[in-house]
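A.B. asks: Construct the entire structure; sequences and hints are all you get.
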Amino acid sequence: MVGTLRVAVCGPAFILLLFVSDLVSGLIHYSIPEELEQGAFVGNIVRDLGLNVEKLLVRKFRLVSDDSRQYLKVNFENGILFMNERIDREELCGQSPTCSLSFEAAVDNPLEMHSIEVEVLDINDNSPRFPTDTFPLQIFESIALGGSFPLESAHDSDVGVNTISTYQISSNDYFGLNVQTRSDGSKIVELLLEKALDRELESAFQLTLTAIDGGNPQRSGTAEISITVLDTNDNVPVFDHDIYRINIPENTLKGTSVTQISAVDLDAGTNAEVKYSFSRHSSERGRELFKLESETGKIKVYGVLDYEESIVYDLYVQATDNGSPPMVGHAKVVVKVTDVNDNTPEIKLSSISRVVPENAAPGTVVALISVSDRDSNENGQVHCTVPMNIPFRLQNSPNNQYKLLVGETLDREKESTYNISILAWDGGTPPLSANRTMLVSVSDVNDNAPEFTQSSYNVYLMENNTPGASIFAVTALDPDVGQNGDISYFVVENQIQDVSTTAYISVSSKSGNIYALRSFDYEQLKHFQIKVQAQDVEVLDLNDNSPRFPQSSFSIQVAESIVPGARFPLERAQDPDVGTNTVSTYQISSNENFGLKMQTRRDGKKVAELFLEKPLDRERRSVFQLVLTAFDGGSPALSGTAQIVINVLDINDNVPKFDREEYRVSMVENAPRGTFVTKVQAKDLDEGANAEIRYSFSEHAAQEEQELFTLDPKTGDIRVQGILDYEKSNVFELDVQAVDNGAFAMTGRSKVVVTLIDVNDNAPEIRLTSVSSTVREDAVPGTVIAAISVADRDSGKNGEVQCQIPQHLPIKLQKSPTNQYKLVTNNMLDREKVEFYNVSITAWDSGSPPLSTNKTILVSVSDINDNAPRFDQSSYTAYVMENNAPGDSILSVTALDPDLDQNSHVSYSILENPIQGMTSFPYVSIDSKSGNIYALRSFDYERLKHFQIQVQARDSGSPSLSSSAAVNVIILDQNDNAPAVVSPVTRNGSATVGPVPQSAPAGYLVTKVMATDADSGQNARLSYQLRKATDPSLISVGLKTGEIKLIRSVSSHDATTQDLLISVNDNGQPTLSATVTIAFSIVANVTEKYFERSNVLENANNFSDLNLYLIITLGSTSFIFLLTIMVLIAIKCHQDSDNGDDCSFCCCRMRDSGNSFMRRSAPKECLNYTGVRDNFLFLKTYAPTLPHSTLKMSDNNMAKERGQEDNGY
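Its first residue numbered 1, the sequence shown is counted upward by one per residue in full-length UniProt numbering.
Treat the hints with care, since some could be wrong.
What the hints assert, rightly or not - Lysine to any residue pairs mimicking SDA-like chemistry, simulated, CA-CA at most 25 Å apart:
| no. | residue 1 | residue 2 |
| --- | --- | --- |
| 1 | 510 | 545 |
| 2 | 73 | 768 |
| 3 | 336 | 302 |
| 4 | 855 | 111 |
| 5 | 275 | 302 |
| 6 | 945 | 929 |
| 7 | 1028 | 945 |
What the hints assert, rightly or not - Between beta-carbon pairs, the in silico distance windows are:
| no. | residue 1 | residue 2 | range |
| --- | --- | --- | --- |
| 8 | 1014 | 1111 | 15 to 23 Å |
| 9 | 242 | 703 | 58 to 66 Å |
| 10 | 1113 | 912 | 20 to 28 Å |
| 11 | 495 | 461 | 17 to 25 Å |
| 12 | 437 | 461 | 52 to 60 Å |
| 13 | 495 | 603 | 53 to 61 Å |
| 14 | 673 | 555 | 25 to 33 Å |
| 15 | 773 | 673 | 32 to 40 Å |
| 16 | 753 | 592 | 42 to 50 Å |
| 17 | 743 | 86 | 20 to 28 Å |
| 18 | 145 | 796 | 55 to 63 Å |
| 19 | 755 | 809 | 16 to 24 Å |
If you are wondering where the hints come from, they were derived from the structure by calculation, not from laboratory data.
Each residue gets a CB set at the ideal place from its N, CA and C atoms; glycine is no exception.
C.D. replies: Structure below.
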């Protein structure tokens, strides 16, 4: 029976056992709070599993987990599961609502697997924390009520009721909070505007945002919200004075500062930057005389001031801010010019009639003259006079007042103008004077009638004239001017043949041209007389012109944020009429927002300004089309109109609004990348850039969600860009926002809830528990390697899973209940054949088509010491040159052990083997690690030519294994013996042989030199040379035989005594030699019989004892040498037969020493004949000398080189 055990641990010392049953394999569940101290009790796991605590070690009880950290341990003495390391639930599981440690309790003999789950319960040990202690927030002051602003969410590492439950904001009049709960239970908070902002009243707020969790006791965290109210251009610059009044003297120099105006704009930033200028109402003359600096507001004199020209200047100034659109404030500067004393009399004319009608009576006052001097006393006493020859005179009045009177009758037609020079001088010394010339024009009166140039005119006209053609022109002149001189012509009414004159003739009233109105017939009318009258005219002004504006329509741009009271100058209307007939007032068409203000200038002209009376809202009305009407004062009054188009400029005062507060979409989890999800859409009531919207995910959207979905910033299309997996998350809440393009962007928000529909897209999952990745090669069949759990997150047929591994492996699967498997050995293992197995586990479900999963387990076969070391050769041969240096390496042997690690570590030693009755240890030694064999003494070929040792290789296993191999050491001869002359017998290096008859023929054998060499092979091959002779032309020496013969017949001239110096050389390197001096005499009278006896070598029966001894010695030496060679060949063939190799009589073999650092050529052992006439067989060496270190030789290499050496010899 399989049961479930649940154990809840509420504290280190409290355990609640809920249920226990006969448990062989199953699930045990414990519950513990986090942060338990090390060593705290969790549960008696051995008792709960029904195991024997005394057999825990025998059955290899163990806890198997994928986690590298070991939070829990088991006390093998009492079977208690206890805390090995403190658990921080937040570190272990993060924000997961549930947290547990899952592991397996495994025992062997038989294998049992028990799933253990320890649930870690959260405690309220973490306070909510904001990402930063302070975060800034910028809000536009024109934001509408109800505007919301997302705030940073606090993070609480705890879960459930211990996580954040609500937020609070510190007390204030403007802002509140909106706390929302997302689908995952987390809280997000937004700041709500509850009262309209005014940056000029309060520009910043410092609020405290508090996040409170639901634990007991509660924990909280705070953050400071620093709110900056951003400015909008809603304030007109205001001057510190409505009217500035300044007095300056008329002699003020150019560049002198008059005053400095100052305006303040309550806005901030560029909206508060003010520039000054003259408004359009300032006169042109005022702009010429004064200069206004736009940055500082200083007004300076720019021209020459003249008190007499104007004593007051009204300068209309304005201050314009740098906002968009700009706001304008107005003020007036009144500059009064004061007079200065220039110490000269001043002639002032007042009540001047510069034009005097010509019919003015004598005594008529033309002008009032005031003469003054700014000086005092005598210098201020002034006299005045005019010329005597003009029809004008001065009449003195009190206080230096004079009247200029008409003295005589005037006639304009005779003199129309008079330049009257008025001379004034003071009583100073010298007197200062002033002249003033007054131009008096005599105005015309209509005192002259027009006069025709002729009193009568005769006109001759051809009959049948063309009606309407000019037939004559009359001209009348009037000496008067102006309107008095304007002449109009008309025909005086008269009868011609009882028909009115006007029926025949007409005259142009202006030009005097006379026109015939009909075609005349001479036969009916031969002549007639008409009377043309010329008359001057007086023209009075009539109100015949209506006021007219420069343009029929003009536009004004006004920001919707402008405050009531703002004024906007309007264009003036022009009226050519004068007096009361000119413009007298303005009117504006009826509207709710704008009115008019009228001002009268000093010249009497009227100006109008538009006045904002009610706040504007562009979203309600963006354009005003008003009619401005100008009325004159005539009777009846005439008027002119112009259209005023007022464009209300937008400010960014509206938040974009989505068409839905929440979008809900369902889609399958395997939707490919680029799949359309939904479209979000928001509208902004502003216009232009303020209404341009860009969409994006808000800061509340999780990073994972932003990686899975894309939001087109222009269209609002949401598409899939990542892999959607229902098993990871089946609902996504995408917080989206629409941000306009205003200078201070406004943001609207919405939520998109995407619900995934599950599809069968999960392959089976293979989970390995209690994996023994290494198995001993002597493991018995049935040994458990791993426990395997197979699961499929799908359901139904799609969740039914089968599992298998390849059949050819010595491993198989054993199935247990509930998709549990054991991976066990099936046959015996041999690591030296296969040291690891890649076991491919295949699991597939029953879906259609089925989904499958493969997982490969690498099972390594661990080594046991079941292989002895093996030499790479059963025997070795080392060739060592005699006279070698002690300590030289002569050979390296190698043994390999296919086991691993300590089982394969090989050490070498030499086994006891006597050599010439002595132990082998004094001769050679071996390095226990490398296998290098070293000579411990210098060998002498003549004393020891070869010996054999046994080398053993032993591994480090337990128990250790060993093997051995034979090493044959052959000593090679070195040329260390010089030749010795044995015949003829010498004494002190000289010998005398028998006489040579004078009759001896050419080729006569005088004697034969015979020598021996203790060396062998090439070192013992001798050659003979004649070094010196009494007569070299007589004697020759055989190079190989040593025979001394006559080259020619002996003559009588030859010396009777001949001395020869013979050298005997061996063939070694370097060559060693011996010399012998041989003397013989030439005898003239010798009988034939003596001659024959003398040639002892040609007569075999007459050998001397010395010759006999010499032959016996040479024969014995040759026999011994030949026998030695045969023995060596027999030994060699015997060794080759042991190795399974063929052996031939005269073969050359080389063995590879196997030592990589000693690869040199060893000598070759060959038996060759040295020539046809040679008496001996010699041992030929490959090289004349060998290095001290002798190399191993392999038979194969020696065989390959045999032919090369023979050919080279």
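A.B. asks: Next, verify each hint and record whether it holds.
C.D. replies: Results of checking the hints against the structure:
1. 510 to 545: Answer holds: residue 510 to residue 545 is near 23 Å, not above 25 Å.
2. 73 to 768: holds, 21 Å
3. 336 to 302: holds, 15 Å
4. 855 to 111: holds, 22 Å
5. 275 to 302: holds, 19 Å
6. 945 to 929: violated, 29 Å
7. 1028 to 945: violated, 39 Å
8. 1014 to 1111: 15 to 23 Å: holds, 19 Å
9. 242 to 703: 58 to 66 Å: holds, 60 Å
10. 1113 to 912: 20 to 28 Å: Hint violated: Cβ distance 41 Å, outside 20 to 28 Å.
11. 495 to 461: 17 to 25 Å: holds, 19 Å
12. 437 to 461: 52 to 60 Å: holds, 57 Å
13. 495 to 603: 53 to 61 Å: holds, 57 Å
14. 673 to 555: 25 to 33 Å: Given about 52 Å between the Cβ atoms, the range is violated.
15. 773 to 673: 32 to 40 Å: About 39 Å separates the Cβ atoms of residue 773 and residue 673, which means 32 to 40 Å holds.
16. 753 to 592: 42 to 50 Å: holds, 46 Å
17. 743 to 86: 20 to 28 Å: Violated: the Cβ-Cβ distance is about 55 Å, outside 20 to 28 Å.
18. 145 to 796: 55 to 63 Å: Holds: the Cβ-Cβ distance is about 56 Å, inside 55 to 63 Å.
19. 755 to 809: 16 to 24 Å: violated, 47 Å
The structure fails hints 6, 7, 10, 14, 17, 19 (numbered hints given earlier, in ascending order).
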